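2 protein chains.
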Amino acid sequence: MLKHTLFTPGPTNVPPEVLQALGSPIVHHRAPDFEPIFQQAREGLQYVFRTQNPVVPLTSSGSGGMEAAVTSLLACGEKALSFEGGKFGERWGDICKAYGINVITHSVEWGTAATPEMVEKALKENPDAKAVFCTHCETSTGVLTDVEAIAKIVAKTDAVLVIDAVSSLGAEPLETDEWGVDVVVTGSQKALMLPPGMAFVSVSPKAEKMINQAKSTCFYFSLKAALKALAKNTTPWTGPVSMIVALNAAVDLLKKEGIENIWARHQRCAEAIRKGSEALGLSLFSKSPSNVVVALTVPAGVDAGKITKTMRDAFGMTITGGQEQLKGKIIRIAALGFVEEFDVLALIGALELSLIRQDHKCELGAGVAAALKSLNTSLSK
Amino acid sequence: MLKHTLFTPGPTNVPPEVLQALGSPIVHHRAPDFEPIFQQAREGLQYVFRTQNPVVPLTSSGSGGMEAAVTSLLACGEKALSFEGGKFGERWGDICKAYGINVITHSVEWGTAATPEMVEKALKENPDAKAVFCTHCETSTGVLTDVEAIAKIVAKTDAVLVIDAVSSLGAEPLETDEWGVDVVVTGSQKALMLPPGMAFVSVSPKAEKMINQAKSTCFYFSLKAALKALAKNTTPWTGPVSMIVALNAAVDLLKKEGIENIWARHQRCAEAIRKGSEALGLSLFSKSPSNVVVALTVPAGVDAGKITKTMRDAFGMTITGGQEQLKGKIIRIAALGFVEEFDVLALIGALELSLIRQDHKCELGAGVAAALKSLNTSLSK
Chain B
0 MLKHTLFTPG PTNVPPEVLQ ALGSPIVHHR APDFEPIFQQ AREGLQYVFR
50 TQNPVVPLTS SGSGGMEAAV TSLLACGEKA LSFEGGKFGE RWGDICKAYG
100 INVITHSVEW GTAATPEMVE KALKENPDAK AVFCTHCETS TGVLTDVEAI
150 AKIVAKTDAV LVIDAVSSLG AEPLETDEWG VDVVVTGSQK ALMLPPGMAF
200 VSVSPKAEKM INQAKSTCFY FSLKAALKAL AKNTTPWTGP VSMIVALNAA
250 VDLLKKEGIE NIWARHQRCA EAIRKGSEAL GLSLFSKSPS NVVVALTVPA
300 GVDAGKITKT MRDAFGMTIT GGQEQLKGKI IRIAALGFVE EFDVLALIGA
350 LELSLIRQDH KCELGAGVAA ALKSLNTSLS K
Chain P
0 MLKHTLFTPG PTNVPPEVLQ ALGSPIVHHR APDFEPIFQQ AREGLQYVFR
50 TQNPVVPLTS SGSGGMEAAV TSLLACGEKA LSFEGGKFGE RWGDICKAYG
100 INVITHSVEW GTAATPEMVE KALKENPDAK AVFCTHCETS TGVLTDVEAI
150 AKIVAKTDAV LVIDAVSSLG AEPLETDEWG VDVVVTGSQK ALMLPPGMAF
200 VSVSPKAEKM INQAKSTCFY FSLKAALKAL AKNTTPWTGP VSMIVALNAA
250 VDLLKKEGIE NIWARHQRCA EAIRKGSEAL GLSLFSKSPS NVVVALTVPA
300 GVDAGKITKT MRDAFGMTIT GGQEQLKGKI IRIAALGFVE EFDVLALIGA
350 LELSLIRQDH KCELGAGVAA ALKSLNTSLS K
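Listed in order, the protein sequences are those of chains B and P.
The numbering of the first sequence is numbering that gives the first Met the number 0, which starts it at 0 and goes up by one.
The numbering of the second sequence is numbering that gives the first Met the number 0, which starts it at 0 and goes up by one.
If you are wondering where the hints come from, they were derived from the structure by calculation, not from laboratory data.
Please note that a few of the clues may not be correct.
Derived lysine-lysine pairs resembling DSS-like cross-links, with alpha carbons at most 27 angstroms apart [stated by the list, open to error]:
hint	chain 1	residue 1	chain 2	residue 2
1	P	K227	B	K227
2	B	K372	B	K286
3	P	K308	B	K214
4	B	K96	P	K223
5	B	K96	P	K227
6	P	K308	B	K231
7	P	K96	B	K223
8	B	K78	P	K96
Here are a few chain B residues that sit away from chain P, every Cβ distance over 12 angstroms (derived from the structure) [as the list claims (entries may be wrong)]:
hint	residue
9	V69
10	P115
11	N125
12	D145
13	A148
14	A198
15	N260
16	T319
This one's a predicted model, so the numbers in the text were calculated from it and none came from an experiment.
Glycine included, each C-beta is placed from N, C-alpha and C at the ideal position.
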């Protein structure tokens with residue numbers, strides 16, 4: 000037997016209760032029996048987004064949610080600022096450029112986070128910028144950005160703050176309303192424990208006003224149309240009813256555990272991964288490490304690609320390697336969504352065996368021992 | 000017990016085998032074990048599309064597939080022709096206008112189809128038109144358009160023919176390659192017997208050339224990017240892995256029955272609905288009736304809204320009413336996807352009882368008898 004477990008920053012494992020809900024008979028999206036289901040989904044999304052603002056459900060991947068934010072807020076020629084320190088941060092700039100938006104991209108060294116000071120300086124230099132695009136957890140580098148501090152700065156201006164929380168929402172604290180984040184984008188296949196296929200976008204009153212006044216170019220991804228439909232408890236296009244039924248099942252599980260407890264679990268698991276990996280000679284790539292995904296530089300002489308291959312093919316555990324310039328240099332491990340503390344012990348055990356198969360020198364058991372010590376401490380708190 | 004059955008033109012009932020596949024554990028979209036699954040899906044789509052051309056899978060509703068076709072082929076200011084005889088036909092024009100495309104819309108009376116002559120005349124008057132947008136089955140009116148004849152005309156020009164087959168693909172004969180249709184768009188939640196959540200777009204070499212040369216404005220829905228990824232057996236964004244696993248299960252069922260047999264079944268079911276309804280005093284709304292959805296004008300004195308309500312609430316069968324100017328005037332019944340001949344008898348029985356509850360004068364049993372006679376003839380062929 001080879002149990003298959005995803006330790007990837009999305010898609011993630013889906014709990015049996017959610018898979019079962021996904022396989023429920025189809026309800027017609029315009030029939031009255033769908034109304035309470037959709038109402039429940041809207042409220043559930045507000046729970047995980049920590050917001051009283053509307054959260055728009057979209058049938059798309061997370062990138063579609065990002066495009067919805069860009070094209071609903073801004074028209075061709077309008078100015079925006081983006082801060083990019085990885086593959087996903089770059090996506091903001093790419094989408095803006097595709098639609099002719101005058102985006103000023105600020106590169107951040109991969110492995111480090113955009114700072115509030117950088118955002119403040121850029122906004123001072125560009126008082127006509129209408130939007131600031133940032134990444135909460137940069138999935139390609141495992142970096143977490145201080146969204147709370149950045150939100151304070153953007154709030155003082157006329158610009159809106161738009162956060163890619165595709166991988167982080169539900170895993171890292173993100174207080175949409177308390178911090179005053181205007182637009183938060185996430186995807187279904189991460190901490191929400193659903194299959195890929197949906198994006199969700201929260202919209203603050205400040206952002207909604209900008210959306211309603213925008214002379215932007217969009218149709219399918221129009222947040223204006225989606226917000227109008229949402230107020231009538233529906234969607235402009237045929238909604239993915241199976242996914243929405245499954246979302247309700249997933250949010251039931253999230254509520255049962257409690258969102259603060261879920262954030263703490265992700266913290267415990269990520270810390271155990273960090274401690275276990277460091278005991279084996281791997282080092283943290285990120286200087287501002289997130290709990291969504293842990294990016295680890297492999298020791299000299301170790302082939303990162305072989306680790307991921309052995310982990311997957313021999314031990315049934317899927318982790319991911321580096322992307323673009325980090326290919327072959329790092330591995331990325333995520334205890335995201337439906338993963339608990341003892342799954343991490345299994346993971347570190349498999350990582351040890353994968354390293355030893357490459358003749359990497361480490362004391363067998365050092366990784367699992369370090370991970371367990373970390374868990375013992377964090378679980379006693 | 001109240002069994003719930005959808006007789007709607009999407010979403011449609013999903014077979015248990017497909018629901019079960021949908022609830023399979025998640026496979027990572029970039030891991031090697033997903034490769035054969037995706038390869039199978041690509042081939043399965045070519046089977047139902049009757050094409051050797053690539054068929055792009057998109058995470059979106061059918062409208063997203065339509066937007067992908069428009070924005071991947073045409074740039075702002077370029078000319079296109081659209082033919083619209085209903086709510087969905089109008090969508091082509093709406094999408095074009097949202098992106099600044101110079102679309103010349105040709106209105107067709109609701110209930111009738113665009114003719115090859117209309118297309119020929121419009122193309123002669125607009126030799127610079129780059130694309131012709133048509134609807135195969137107009138879901139709002141139950142009208143079928145002669146795509147084969149229109150394709151012959153468009154093929155003689157430099158323009159590409161783009162067909163909305165969102166509701167019709169798999170239910171009505173559509174010979175993508177044999178007829179020479181450049182771009183065909185469909186959705187998952189119709190004859191493909193899947194939940195809503197995906198669109199599929201086939202692309203001919205003529206269309207692919209136009210897409211690759213287009214100076215168009217798109218990102219998420221870029222067919223250029225999708226075709227490039229497809230050639231590497233992948234998707235540009237995270238694909239909806241659960242839906243793709245379910246698609247393979249659905250196509251297995253479709254192949255087992257055989258696409259020609261499926262077309263014939265839809266014909267038999269639609270004809271039985273027409274005959275059964277006519278025997279009850281309803282009349283066909285469409286002058287060019289499709290087998291995807293049957294639009295029926297209700298007799299004077301009968302409340303269309305009450306019929307759909309009784310059918311659904313008392314008998315568990317969901318049918319739909321008219322949209323926009325047809326609201327309250329027609330009902331629409333679809334034996335689409337996972338529906339067989341004897342389901343239609345049940346449906347007509349429920350329709351009879353719903354009519355009688357409104358004191359509509361008809362001989363009880365006349366509808367089911369007429370439907371059964373129709374089925375006896377068609378099943379003996």
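Consistency of the hints with the structure:
For a cut-off of 27 angstroms, the pair hint linking P:K227 to B:K227 is broken: about 36 angstroms separates their Cα positions. A C-alpha spacing of about 23 angstroms is found between B:K372 and B:K286, which places the hinted pair at or below 27 angstroms, so the restraint holds. Under the criterion of a C-alpha separation no larger than 27 angstroms, the hint pairing P:K308 with B:K214 is inconsistent with the structure, at around 40 angstroms. Distance hint between B:K96 and P:K223 is fulfilled; the C-alpha atoms sit about 16 angstroms from each other, no more than 27 angstroms.
Of the pairs offered as hints, the one joining B:K96 and P:K227 holds, with about 20 angstroms between alpha carbons and a cut-off of 27 angstroms not exceeded. Proposed proximity of P:K308 and B:K231 is supported: the alpha carbons are some 20 angstroms apart, at most 27 angstroms. At most 27 angstroms may separate the alpha-carbon atoms for a hinted pair to count; P:K96 and B:K223 meet this at roughly 16 angstroms. The suggested pairing of B:K78 with P:K96 holds, with an alpha-carbon distance near 24 angstroms, which does not exceed 27 angstroms.
Look at B:V69: its CB is around 8 angstroms from the nearest CB on chain P, not clear of 12 angstroms, so calling it non-interface is violated. Here B:P115 stays apart from chain P, with its beta-carbon at least about 29 angstroms from theirs, past the 12 angstroms limit. Taking the minimum C-beta to C-beta distance to chain P, about 23 angstroms, the non-interface status of B:N125 holds against the 12 angstroms cut. No beta-carbon of chain P comes within 12 angstroms of the beta-carbon of B:D145; the shortest separation is about 26 angstroms.
For B:A148, the shortest C-beta to C-beta distance to chain P comes to about 30 angstroms, beyond the 12 angstroms cut-off, and the non-interface label holds. The Cβ of B:A198 does not lie farther than 12 angstroms from every Cβ of chain P; its closest approach is about 9 angstroms, which violates its non-interface assignment. Distance check on B:N260: its Cβ is at least 23 angstroms (rounded) from any Cβ of chain P, clearing the 12 angstroms threshold; non-interface status holds. At roughly 7 angstroms from the closest C-beta of chain P, the C-beta of B:T319 falls inside 12 angstroms, breaking its exclusion from the interface.
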